[in-house]
Amino acid sequence: MTVEWRAIAPVLLVLIAAILGILAEAVVPRAQRFFAQVFLTVASIVVAGVLLVTNWRAGLGGPVAMGSMMLDAPTYFMWGALLVFGLISILVFAERELNGGVSAFAASAATVPGSRAEAEASAARLEHTEVFPLALFALGGMMVFPASADLITMFVALEVLSLPLYLMCGMARRRRLLSQEAALKYFLLGAFSSAFFLFGVALLYGYAGSFDLSAIATAVQNPTMGSGVLYAGMGLLAVGLLFKVGVVPFHNWTPDVYMGAPTPVTGFMAICTKLAAVGATLRVFYVALSGERWSWQPLLAVLVVATMVVGAVWGLTQTDIKRTLAYSSIAHAGFIMTAVVGAYAGSPTSPLDSVGSALFYLVVYGLASVGAFAVITMVRNASGEANAIASWSGLGRTSPLLAGIFALFMLSFTGIPLTAGFIGKWAVFAAAWRGGFEWLVIVAVLLSLVAAVFYLRIIVVMFFGEPVDGVVVGRASAFTWLPIAVAAIGVAVLGVFPGPVLDLATAASTFLR
Amino acid sequence: MTFPWLTVLGLLPLVGALVLALPLRRAARPVGLAFALLTFAVSVAVTVLYLGGTDLAVRQPWIRAFGAYWALGLDGMGLVMVLLTTFLVPVVMIAEWDVAGHGRWDAQGYFAMALALQGTALFTFLADDVLLFYVFFEATLIPMYFLIGGFGGARRRVAAVQFLMFNLIGGFILLASVIGLFATSASLGGTPSYLLADLAALPMPTELGRWLMIGFLIAFVVKAPMVPVHTWLPLAAEQATPGSSTMMVGILDKIATFAMIKFCIGLFPEASAWVAPVMIVLSLVSIIYGAAAAIASTNLLRLVSYTSVSHFGFMVLGIYVFTTQSINGSIFFMVNHGFSTAALFLAVGYLIKRRGSADINDFGGVEKVAPVLAGSVLLAVLSAISLPGMSTFVSEFLVIAGTWSRTPWVAAIAATGIILAATYGLRLYQRTMTGPVTESTQRHITTDLDGREKAVLVPVIGLMLLFGFLPGPVMAVTEPTAQAAMQRMQLTDPVAPAKGEK
Numbered sequence: 001m002t003v004e005w006r007a008i009a010p011v012l013l014v015l016i017a018a019i020l021g022i023l024a025e026a027v028v029p030r031a032q033r034f035f036a037q038v039f040l041t042v043a044s045i046v047v048a049g050v051l052l053v054t055n056w057r058a059g060l061g062g063p064v065a066m067g068s069m070m071l072d073a074p075t076y077f078m079w080g081a082l083l084v085f086g087l088i089s090i091l092v093f094a095e096r097e098l099n100g101g102v103s104a105f106a107a108s109a110a111t112v113p114g115s116r117a118e119a120e121a122s123a124a125r126l127e128h129t130e131v132f133p134l135a136l137f138a139l140g141g142m143m144v145f146p147a148s149a150d151l152i153t154m155f156v157a158l159e160v161l162s163l164p165l166y167l168m169c170g171m172a173r174r175r176r177l178l179s180q181e182a183a184l185k186y187f188l189l190g191a192f193s194s195a196f197f198l199f200g201v202a203l204l205y206g207y208a209g210s211f212d213l214s215a216i217a218t219a220v221q222n223p224t225m226g227s228g229v230l231y232a233g234m235g236l237l238a239v240g241l242l243f244k245v246g247v248v249p250f251h252n253w254t255p256d257v258y259m260g261a262p263t264p265v266t267g268f269m270a271i272c273t274k275l276a277a278v279g280a281t282l283r284v285f286y287v288a289l290s291g292e293r294w295s296w297q298p299l300l301a302v303l304v305v306a307t308m309v310v311g312a313v314w315g316l317t318q319t320d321i322k323r324t325l326a327y328s329s330i331a332h333a334g335f336i337m338t339a340v341v342g343a344y345a346g347s348p349t350s351p352l353d354s355v356g357s358a359l360f361y362l363v364v365y366g367l368a369s370v371g372a373f374a375v376i377t378m379v380r381n382a383s384g385e386a387n388a389i390a391s392w393s394g395l396g397r398t399s400p401l402l403a404g405i406f407a408l409f410m411l412s413f414t415g416i417p418l419t420a421g422f423i424g425k426w427a428v429f430a431a432a433w434r435g436g437f438e439w440l441v442i443v444a445v446l447l448s449l450v451a452a453v454f455y456l457r458i459i460v461v462m463f464f465g466e467p468v469d470g471v472v473v474g475r476a477s478a479f480t481w482l483p484i485a486v487a488a489i490g491v492a493v494l495g496v497f498p499g500p501v502l503d504l505a506t507a508a509s510t511f512l513r
Numbered sequence: 001m002t003f004p005w006l007t008v009l010g011l012l013p014l015v016g017a018l019v020l021a022l023p024l025r026r027a028a029r030p031v032g033l034a035f036a037l038l039t040f041a042v043s044v045a046v047t048v049l050y051l052g053g054t055d056l057a058v059r060q061p062w063i064r065a066f067g068a069y070w071a072l073g074l075d076g077m078g079l080v081m082v083l084l085t086t087f088l089v090p091v092v093m094i095a096e097w098d099v100a101g102h103g104r105w106d107a108q109g110y111f112a113m114a115l116a117l118q119g120t121a122l123f124t125f126l127a128d129d130v131l132l133f134y135v136f137f138e139a140t141l142i143p144m145y146f147l148i149g150g151f152g153g154a155r156r157r158v159a160a161v162q163f164l165m166f167n168l169i170g171g172f173i174l175l176a177s178v179i180g181l182f183a184t185s186a187s188l189g190g191t192p193s194y195l196l197a198d199l200a201a202l203p204m205p206t207e208l209g210r211w212l213m214i215g216f217l218i219a220f221v222v223k224a225p226m227v228p229v230h231t232w233l234p235l236a237a238e239q240a241t242p243g244s245s246t247m248m249v250g251i252l253d254k255i256a257t258f259a260m261i262k263f264c265i266g267l268f269p270e271a272s273a274w275v276a277p278v279m280i281v282l283s284l285v286s287i288i289y290g291a292a293a294a295i296a297s298t299n300l301l302r303l304v305s306y307t308s309v310s311h312f313g314f315m316v317l318g319i320y321v322f323t324t325q326s327i328n329g330s331i332f333f334m335v336n337h338g339f340s341t342a343a344l345f346l347a348v349g350y351l352i353k354r355r356g357s358a359d360i361n362d363f364g365g366v367e368k369v370a371p372v373l374a375g376s377v378l379l380a381v382l383s384a385i386s387l388p389g390m391s392t393f394v395s396e397f398l399v400i401a402g403t404w405s406r407t408p409w410v411a412a413i414a415a416t417g418i419i420l421a422a423t424y425g426l427r428l429y430q431r432t433m434t435g436p437v438t439e440s441t442q443r444h445i446t447t448d449l450d451g452r453e454k455a456v457l458v459p460v461i462g463l464m465l466l467f468g469f470l471p472g473p474v475m476a477v478t479e480p481t482a483q484a485a486m487q488r489m490q491l492t493d494p495v496a497p498a499k500g501e502k
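These protein sequence lines are chains B and C, in that order.
Position 131 of the first sequence, counted from 1, bears residue number 131 in my numbering, the numbering being contiguous throughout.
Position 480 of the second sequence, counted from 1, bears residue number 480 in my numbering, the numbering being contiguous throughout.
Calculated directly from the structure, the hints in this document are not laboratory data.
All C-beta atoms in this analysis are idealised placements derived from N, C-alpha and C, irrespective of residue type, glycine included.
None of the hints are false.
Label pairs and their in silico Cβ distance ranges: (1) B:V496 x C:P388: 44 to 50 Å; (2) B:L446 x C:A276: 22 to 28 Å; (3) B:S347 x C:M489: 29 to 35 Å; (4) B:V496 x C:W97: 28 to 34 Å; (5) C:G53 x B:S347: 37 to 43 Å; (6) B:R513 x C:P277: 52 to 58 Å; (7) B:W5 x C:G190: 42 to 48 Å; (8) C:A412 x B:V302: 51 to 57 Å; (9) C:E270 x B:V46: 54 to 60 Å.
All chains should be built: construct the whole structure from the sequences, respecting the hints.
Shown next as structure tokens:
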């Protein structure tokens with residue numbers, strides 16, 4: 001019985017830092033707690049990143065932790081991406097200047113909204129610093145989720161990443177009822193989907209006699225019993241996975257949760273959850289169920305079309321910027337999944353395959369998402385963030401730099417060339433086309449156009465509208481500006497020179513079985 | 001390594017656009033103009049080198065995974081389009097020197113966007129790689145969108161959004177075809193490559209080639225624009241400033257006809273021959289409809305934009321009847337139309353600026369109050385209706401003559417466009433310029449063209465006349481492109497039956 005401590009050190013470090021963070025809540029004096037938590041979080045993620053790179057250069061890999069995790073090239077890439085996006089989106093958590101010296105999280109999340117206890121906590125300028133260890137726990141779960149080599153580990157990881165997220169969603173300092181409602185909805189639906197997932201795991205175990213993904217793959221190749229159980233298990237498992245990805249018809253939580261959650265948390269969820277969920281989906285479908293691709297490809301293709309339609313068309317009708325981006329995230333889940341449906345394995349002369357293109361898309365989508373949500377935290381009125389699109393009117397005149405950067409993110413979401421989003425779209429659509437889903441590419445292209453309407457509407461409002469009284473761009477510290485700058489530079493650079501990251505994603509696209 | 005002239009040519013205005021993002025205040029406009037003039041100087045240098053026989057082509061791998069290259073090159077058609085672009089942009093800048101912004105959208109923003117548009121448009125004319133072309137083809141939309149939406153009439157936002165949506169529809173459909181080309185290249189050629197030369201050498205299956213070509217063509221038909229997808233143009237031209245309209249119709253829309261020759265014929269000769277009947281019908285419809293709509297327009301700017309729809313019909317007709325004469329005529333028309341529309345938009349713009357209205361009925365007798373302005377409008381109108389002596393006459397004649405040699409009845413229908421053109425052109429002039437001086441003219445049109453306005457119009461009109469009398473040099477430069485297109489189509493010019501034969 002061996003555990004490859006060094007190989008899994010990045011994950012362990014993040015989880016240990018989370019536990020230390022909980023301890024710090026108990027022992028560090030309140031005055032220093034905020035600083036201590038931020039330091040612990042940032043330091044642990046950075047060190048985990050360094051460990052990850054050294055492990056990767058040392059060529060560590062294969063099944064680890066008694067075969068429960070698979071440290072292969074996609075895992076390395078996803079861990080790297082999760083650490084980078086985790087770091088820059090958690091930085092936004094630490095912003096205190098925007099909100100008059102306190103963080104964006106409830107002074108005391110346990111108090112009843114509108115109660116005296118809440119008012120007292122607020123007056124005492126209390127702050128919840130538990131949000132940092134919670135985020136680290138979620139991040140740890142997200143790292144394990146797509147790396148899992150068996151379904152039980154995957155389920156545990158799913159819960160480890162989900163539970164902190166449910167909590168964090170309910171911790172907004174302003175509009176607390178909305179936030180708590182979002183948390184409850186997310187929790188109920190999430191628990192429901194976890195049950196589906198677990199049921200699917202049980203059925204697949206019944207079919208294959210093992211939780212191991214590779215054992216399931218073998219059983220699919222050499223069936224010993226009828227395929228009814230396999231299909232049922234596969235479907236139920238897919239419900240749990242696609243819920244996290246945000247694929248229609250399991251997308252219903254997205255708009256409410258994105259809107260209700262504190263905006264920094266939304267930014268964190270928008271990319272990190274999606275990365276982990278798409279990663280796990282890829283692993284399950286490509287490793288365990290690749291033998292059944294003829295049965296899941298058409299079904300998934302239908303869901304993908306529905307996802308893009310709902311994301312793009314419903315997005316048109318939104319008036320709240322966070323809700324708009326929630327529908328946008330649904331549409332983008334659809335775009336990513338076109339590559340997954342294609343299941344194109346690459347050829348020696350053109351190695352860009354489905355996994356590589358999906359990974360690259362996640363990176364460029366993540367950059368624009370993190371940046372966009374960070375910008376959203378800065379546009380404020382007297383009652384906090386001004387999330388109505390109408391109140392963003394004229395921002396291009398009052399603060400051209402911020403509006404210009406936000407417009408860049410919107411253009412990247414739209415997929416306009418010279419932004420990273422275009423390269424990402426090209427890559428996933430090319431993978432779908434080469435996988436034999438030409439029709440899906442044409443549908444996706446047309447729905448990109450529909451989605452373009454709402455991104456461009458935001459640009460129109462910002463640049464060609466009259467400024468609204470009372471809406472100001474808050475003075476933010478480096479905790480907000482740094483992620484915005486990283487995202488903007490990333491979007492611009494990857495739009496022109498995508499080569500290195502694209503090659504990295506392509507090289508990291510083979511799952512070990 | 002030799003000096004990368006073509007890269008510098010395209011990057012220079014883009015750098016200029018970035019420089020204008022700095023708070024330059026009063027220096028902004030001179031700096032912007034300096035960049036535009038410098039670009040013009042570089043384009044002249046490039047012309048000299050090209051005519052001297054220097055190989056200017058640049059080729060560097062860009063995105064290996066996509067098989068995309070940073071590949072720039074020039075042919076005769078590309079060269080004249082580059083010169084047209086680098087010439088028009090400084091002219092527009094001088095014309096729009098006092099452009100009225102809204103709030104922060106001041107002249108600095110206008111100049112920056114004009115430079116961004118110029119740089120991206122130049123790269124579309126230079127790109128020898130399909131993905132590179134696509135990237136810049138789409139990228140031109142963003143500065144143009146801000147030029148329309150930020151400066152101009154009351155409904156400019158609607159116009160900007162409509163402009164962008166129409167062009168994005170075309171652009172996204174083109175994206176599907178571009179991806180399809182990649183897949184074809186990867187599966188047929190082994191190593192994927194977006195180089196025009198590599199793609200042209202692929203043994204393209206007939207069916208697939210037709211589908212992919214349709215994607216390309218839809219984008220270009222919307223962009224050109226041709227009836228029935230032209231509706232964005234009149235609104236955009238009406239709402240944008242005359243300078244923006246000049247760049248939109250004079251430069252941006254030319255990318256479409258340019259690309260029909262370079263990419264549709266270059267990549268899909270079989271499919272182009274297959275689609276030719278449809279394109280000929282569409283171009284005839286555009287010619288007649290555009291002219292008729294111009295006759296019916298009461299708004300001067302809409303009128304001018306409809307004349308362009310009609311003229312684009314001629315250009316597309318010239319391409320799709322496939323004779324050396326007509327294709328070369330089309331290329332020459334692209335250049336002439338650039339000058340012709342620029343003169344018309346700018347001269348009419350001066351008229352509208354004085355009167356404060358674009359309604360044709362608000363004018364009358366202007367020639368007595370502002371003779372120089374009236375003369376400029378007259379020359380521009382005569383060019384628009386292709387009077388002999390004007391450069392447009394040469395090109396229109398070549399298109400119709402080439403068409404006649406292929407299918408006489410098509411030429412006959414196209415020729416009615418000329419008669420209709422005379423109607424709208426003379427109506428425009430007669431209604432606004434001749435007759436008694438109306439009271440409103442008396443009140444509003446108090447000044448004739450000033451020095452700067454003359455400085456804008458003189459070179460444009462001068463070139464119009466020069467190429468009218470001396471079309472030879474330009475035609476000689478573009479002739480090889482037309483011949484190459486014919487060769488690619490594997491067609492020969494129809495030989496006129498000798499007399500007495502029969």
